[in-house]
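Each residue of the sequence shown is one higher than the one before, starting from 1 at the first, in this note's numbering.
FYI, nobody ran anything at the bench for these hints, they're computed from the structure. A portion of the hints provided could be inaccurate.
Here are the simulated DSS-like cross-link-like pairs (lysine-lysine), alpha carbons at most 25 Å apart as the crow flies [to be verified]:
| # | residue 1 | residue 2 |
| --- | --- | --- |
| 1 | Lys572 | Lys450 |
| 2 | Lys242 | Lys304 |
| 3 | Lys76 | Lys396 |
| 4 | Lys314 | Lys294 |
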Amino acid sequence: MNIILSTLNAKYIHTSLALNSIKSYCTNYKNDIKIVEFTINHQENYILNEIYKLQPDILGFSCYIWNIENILELIKIIKKILPHTIIILGGPEVSYDGETLMEKYKDIDIIVFGEGEQTFYDIIEHFKKGNKSLEEIDGIIYRIGEKIIKNKPRMPLNLDDIPFVYENFSDIRNRIIYYETSRGCPYNCQYCLSSIEDRVRFLSLDRVYSDLQRFLDERVKQVKFVDRTFNASKNHALAIWKYLIENDNGITNFHFEIAGEILEDDIIEFLSKARPGLFQFEIGVQTTNKETLKNISRKMDFKKLKKVVQSIQKGKNIHQHLDLIAGLPGEDYKSFRNSFNDVHNLYPEQLQLGFLKVLKGSGLWKKAKQYGLVYKDKAPYEILFTRELNYKEMLKLKMIEEMVETYYNSTHFYYSIRYMLHFFDTPFDFYEALGEYWEKEGYHHVKHNKIKLYTILYEFFKNTVQEKEEILKEILKFDMCLMEKVKKVPEWMPINEEKYKLRIRNFYKNKENIEKYLPNLIGFSSKTISHIAHLEVFLVDFTYWIKSIKAGKEILKIEKKPTPILFDYNSKDNILGHATFYKVTI
1 MNIILSTLNA
11 KYIHTSLALN
21 SIKSYCTNYK
31 NDIKIVEFTI
41 NHQENYILNE
51 IYKLQPDILG
61 FSCYIWNIEN
71 ILELIKIIKK
81 ILPHTIIILG
91 GPEVSYDGET
101 LMEKYKDIDI
111 IVFGEGEQTF
121 YDIIEHFKKG
131 NKSLEEIDGI
141 IYRIGEKIIK
151 NKPRMPLNLD
161 DIPFVYENFS
171 DIRNRIIYYE
181 TSRGCPYNCQ
191 YCLSSIEDRV
201 RFLSLDRVYS
211 DLQRFLDERV
221 KQVKFVDRTF
231 NASKNHALAI
241 WKYLIENDNG
251 ITNFHFEIAG
261 EILEDDIIEF
271 LSKARPGLFQ
281 FEIGVQTTNK
291 ETLKNISRKM
301 DFKKLKKVVQ
311 SIQKGKNIHQ
321 HLDLIAGLPG
331 EDYKSFRNSF
341 NDVHNLYPEQ
351 LQLGFLKVLK
361 GSGLWKKAKQ
371 YGLVYKDKAP
381 YEILFTRELN
391 YKEMLKLKMI
401 EEMVETYYNS
411 THFYYSIRYM
421 LHFFDTPFDF
431 YEALGEYWEK
441 EGYHHVKHNK
451 IKLYTILYEF
461 FKNTVQEKEE
471 ILKEILKFDM
481 CLMEKVKKVP
491 EWMPINEEKY
501 KLRIRNFYKN
511 KENIEKYLPN
521 LIGFSSKTIS
531 HIAHLEVFLV
541 DFTYWIKSIK
551 AGKEILKIEK
561 KPTPILFDYN
571 SKDNILGHAT
581 FYKVTI
């Protein structure tokens, strides 16, 4: 039997944990199953042609909010060109209200709702051996003639019964590899589907250690844990973090979604021992409005969370990603401004401003009318407006999101943004003003290269603040130099004056300078070193200000005097990706 498991990932760099988990579980039928992954950016005809060539007897799709519309369009055509292929859909996007979906789309033969491993195994047994009828398979919706039948839900699996899910790392070593050590969530957040299963099941630690060692031995780039609240069990989380710190291969990064407010001091102290870049933490703040937190059944003490985030920052070794959700019930524009400022003032390495998705089966989906939530009918069911937040305000937040993503999260403008914020009442006001300027100038119509993005930021500041622009020019240049050896700068940006060129050349020829600042380049010619490193003379000295930021006590002290700074691109910060730099004398 020819069985194809497929999905459309959001990006090429992503991999499908669900499909690999199903294949690994169906041990007896591994030779019958082939995983074929596409992305939502692939052309429809390309996907159809590739599937047709495979001539599947059974074709299963893993469905999510980002791909369900594409998949539903695909299967209508697939049934025309492969009329005898059994089409099976599974995943969170079809696990709720599946009967309605099957009534609307006659080309779906079976829907798997809930956990899919054992269910899919039973389906293969039915079609290959005929020793199990569809009526006996828990966790499916199917049709007999015009009648649609939903069987009882399947009992949860023992996670240790699922073998290690990845067979071959050759194609995925440099992609994001997803992994889970638990299913379920102890929390009851009403915007999330994980709250539906309140029982948390864990993979045994011995099994986890064995799996993690596979990743470490293969030296994969990143492993992203999909556990909904990784530190729901302190002992489970600590044991895994301890194993990863003790067995660190110096390459692999591990990403966890955690509840930051429940991290205790002893755990934070332990985590400070991790190699910089070993761990990433994603923390869902969502809102700091207490009434809204109550509406979404989320227990979160922001004071505790703030203390935890700041304590982790002191270790300078863990990348923190904090999330906010716009459009939650009970939060208006002013309240969201407060939530945004609360989170931004923590200066996480990444701040994600997302918009509520009213997911099928979630608590907010059931109470949408009660809360006045108006959202798109098609996936991803994004919020349009609420009782408290109108559509015009939502559009303003969309523009702020774009500014945050473009300028804050890229880290290419780290110190420039930090400097500009001093001229606005709050961070929200800065991004709001920048977004209004961006839209007024029509910059939202096209994409821009890096040089243009620096220019837009400079012009915005010059037109809006109308002071200190010469200082900002130098800081913008500094940000450019932090990311890469600058080969091209905007025409308005000052570059080294002719009088410094000889001094810079002599600096590279001085053996003591290389031994002190660039020991990894000892033995190279001064010309070669000048091509690898970069020495720039800035017209102002902002190094004290930068040191104060890194110390967590920002003092805006900038002096107008020539300041040579050396950038070492062979030594970069693992958290922000910035080059190591030194204030030098020439």
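Which numbered hints turn out to be false for this structure? Per hint list: 3, 4 violated.
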